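The listed protein sequences correspond, in order, to chains F and W. Under the UniProt record's numbering, residues 1 to 213 are what the first sequence spells out, in order. Under the UniProt record's numbering, residues 1 to 213 are what the second sequence spells out, in order.
Take the hints with a grain of salt, since some may be wrong.
Just so you know, same-sequence chains aren't split out, so a pair can sit in one copy or run between any two.
Within a straight-line C-alpha distance of at most 30 Å, the following computed DSSO-like cross-link-like pairs (lysine-lysine) qualify [as the list claims (entries may be wrong)]:
1. K82 - K43
2. K85 - K213
3. K121 - K85
4. K43 - K113
5. K121 - K142
6. K113 - K139
7. K139 - K121
8. K155 - K42
9. K183 - K5
10. K43 - K139
11. K42 - K82
12. K42 - K142
13. K82 - K178
14. K64 - K85
15. K183 - K43
16. K142 - K5
Note that these hints are calculated values from the structure, not bench results. Every value quoted in this text rests on a predicted model; they were computed, and no experiment measured them.
Number of protein chains: 2
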Amino acid sequence: MAAIKVHGSVLSTAAQRVFACLYEKELEFELVPVDMGSGEHKKEPYLSLNPFGQVPAFEHGDQKLFESRAITQYIAHEFANKGTKLDCPGQPIAPLLVWKEVEAHQFDPPASKLNWELVFKPMFGTSTDTAAVEENEAKLAKVLDVYEARLSQSKYLACNCFTLIDLHHLPSLNLLMKTPVKKLFDARPHVSAWVADITSRPAWTKVLAMANK
Amino acid sequence: MAAIKVHGSVLSTAAQRVFACLYEKELEFELVPVDMGSGEHKKEPYLSLNPFGQVPAFEHGDQKLFESRAITQYIAHEFANKGTKLDCPGQPIAPLLVWKEVEAHQFDPPASKLNWELVFKPMFGTSTDTAAVEENEAKLAKVLDVYEARLSQSKYLACNCFTLIDLHHLPSLNLLMKTPVKKLFDARPHVSAWVADITSRPAWTKVLAMANK
Numbered sequence: 001m002a003a004i005k006v007h008g009s010v011l012s013t014a015a016q017r018v019f020a021c022l023y024e025k026e027l028e029f030e031l032v033p034v035d036m037g038s039g040e041h042k043k044e045p046y047l048s049l050n051p052f053g054q055v056p057a058f059e060h061g062d063q064k065l066f067e068s069r070a071i072t073q074y075i076a077h078e079f080a081n082k083g084t085k086l087d088c089p090g091q092p093i094a095p096l097l098v099w100k101e102v103e104a105h106q107f108d109p110p111a112s113k114l115n116w117e118l119v120f121k122p123m124f125g126t127s128t129d130t131a132a133v134e135e136n137e138a139k140l141a142k143v144l145d146v147y148e149a150r151l152s153q154s155k156y157l158a159c160n161c162f163t164l165i166d167l168h169h170l171p172s173l174n175l176l177m178k179t180p181v182k183k184l185f186d187a188r189p190h191v192s193a194w195v196a197d198i199t200s201r202p203a204w205t206k207v208l209a210m211a212n213k
Numbered sequence: 001m002a003a004i005k006v007h008g009s010v011l012s013t014a015a016q017r018v019f020a021c022l023y024e025k026e027l028e029f030e031l032v033p034v035d036m037g038s039g040e041h042k043k044e045p046y047l048s049l050n051p052f053g054q055v056p057a058f059e060h061g062d063q064k065l066f067e068s069r070a071i072t073q074y075i076a077h078e079f080a081n082k083g084t085k086l087d088c089p090g091q092p093i094a095p096l097l098v099w100k101e102v103e104a105h106q107f108d109p110p111a112s113k114l115n116w117e118l119v120f121k122p123m124f125g126t127s128t129d130t131a132a133v134e135e136n137e138a139k140l141a142k143v144l145d146v147y148e149a150r151l152s153q154s155k156y157l158a159c160n161c162f163t164l165i166d167l168h169h170l171p172s173l174n175l176l177m178k179t180p181v182k183k184l185f186d187a188r189p190h191v192s193a194w195v196a197d198i199t200s201r202p203a204w205t206k207v208l209a210m211a212n213k
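Given the sequences, and given the hints that come with them, work out the whole structure.
Right, dumping it as structure tokens:
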């Protein structure tokens, strides 16, 4: 099998999305560390791997990809018969397509903004914008109301199987659960059960072990 | 064939993405107008079609979808053998996956923000935030530098064929070209030629004719 390389950092949420997918598929890979502190991702030769200067970048033999959700879809497609299935076998395609876009366009924007204000800004010693936190908590609460209704009908977001859609949430979700925003998840029983389920998967535990080394 | 219904407004950029795809695939559809002025999209029965209260929503027989990019992918998948192909036949899947995410996560955020400030706010009689315009023009300029390099190697973003990726840009692009942001596109020859090419497609001309009725 052609070698798999992930260029990135174990602390990058986007790179964690890719690691989680590789572990679900039980694939060997090499992590090529990118020193983001010194801005290595904003210079050549990294820019030839991702012209937008963001981690991760991915290589599988001569195939080169960037954008974490493109990489996970590529892995799921290329290694369809390895490890966890990550789609909805024998089910209509529509819910998988819909909920993939929901994660990207409804969940991720407020979740990422909240992590920026509540996790990364304090880490970098800059002050949290409380108005932005309030605004994005309100947005996320509305999204989680829709998730609560969905997860009362379906074990996971796209169908009754764990898919790429659930996996795409893991890195942001993991950080949010360490902030006061956790209360929004705890207040919704089906969402809460889903969080407990997906964050306890062995593949995700391996990602956390990498990050905590 | 099961009937196709699009619930939305001819002026919604997200709905226009779906109309463009339906016209490329030469499919008949019924437009069910949603009166966004009176907030019809924020109430039942519309919320049962899209719990996030946004247009468009889509029905194909008993399949119900929302999120414009999920709908276009569904149409391309279900009607693979009708009209324009919209993918890269015989090519590796990686560039299609990568550039789909680039449109959603790199191009769309600054493009939508600029249209909000320069097109929609003046339409609603509220004042443009010039600092936000400046910040997002700078972001969009960097994205278009990457597009210029890409389009000097490839006729369209994913490959040498017009695909869903190019199509997804059309509604925001069309609005931006009526604002001073047009200069960012005009300054880049390959981007400029691509804009001229994709905005002159007969399917897109039909979408504009709907919007201008």
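Tested hints:
1. In this assembly of identical chains, the alpha carbons of K82 and K43 never lie at most 30 Å apart, being 35 Å within a copy and 44 Å across copies at closest.
2. Taking CA atoms no more than 30 Å apart as the test, K85 paired with K213 passes inside one copy only; the shortest distance there is 28 Å, against 47 Å between copies.
3. For the homomeric pair K121 and K85, neither the shortest alpha-carbon distance inside one copy (37 Å) nor that between copies (45 Å) is at most 30 Å.
4. In this assembly of identical chains, the alpha carbons of K43 and K113 lie at most 30 Å apart whether taken from the same copy (26 Å) or from different copies (27 Å).
5. Taking identical chains as interchangeable, the C-alpha atoms of K121 and K142 lie at most 30 Å apart whether they share a chain (24 Å) or sit on different chains (24 Å).
6. Proximity of K113 to K139 under the C-alpha cut-off of 30 Å is found in both arrangements, the shortest distances being 11 Å within a copy and 17 Å between copies.
7. Within a single copy, K139 and K121 get their C-alpha atoms as close as 20 Å, and across copies as close as 21 Å, so both meet the 30 Å cut-off.
8. For the homomeric pair K155 and K42, the shortest alpha-carbon distance between copies (27 Å) is at most 30 Å, but the shortest distance inside one copy (41 Å) is not.
9. Proximity of K183 and K5 under a CA criterion of 30 Å is satisfied in neither setting, with 37 Å inside one chain copy and 39 Å between copies.
10. Taking CA atoms no more than 30 Å apart as the test, K43 paired with K139 passes between copies only; the shortest distance there is 17 Å, against 35 Å inside one copy.
11. With identical chains, the CA atoms of K42 and K82 are never at most 30 Å apart, being 34 Å at best within one copy and 43 Å at best between copies.
12. Only between protomers do K42 and K142 lie at most 30 Å apart by alpha-carbon distance; the minimum there is 12 Å, versus 36 Å within a single protomer.
13. Taking the shortest alpha-carbon separations for K82 and K178, neither the intra-copy value of 32 Å nor the inter-copy value of 49 Å comes in at or below 30 Å.
14. Taking CA atoms no more than 30 Å apart as the test, K64 paired with K85 passes in both settings, with 23 Å inside one copy and 24 Å between copies.
15. Only between protomers do K183 and K43 lie at most 30 Å apart by alpha-carbon distance; the minimum there is 27 Å, versus 40 Å within a single protomer.
16. In this assembly of identical chains, K142 and K5 lie within 30 Å of each other by CA distance solely across copies; the values are 27 Å between and 38 Å within a copy.
Hint check: violations occur at hints 1, 3, 9, 11 and 13; the rest are consistent with the structure.
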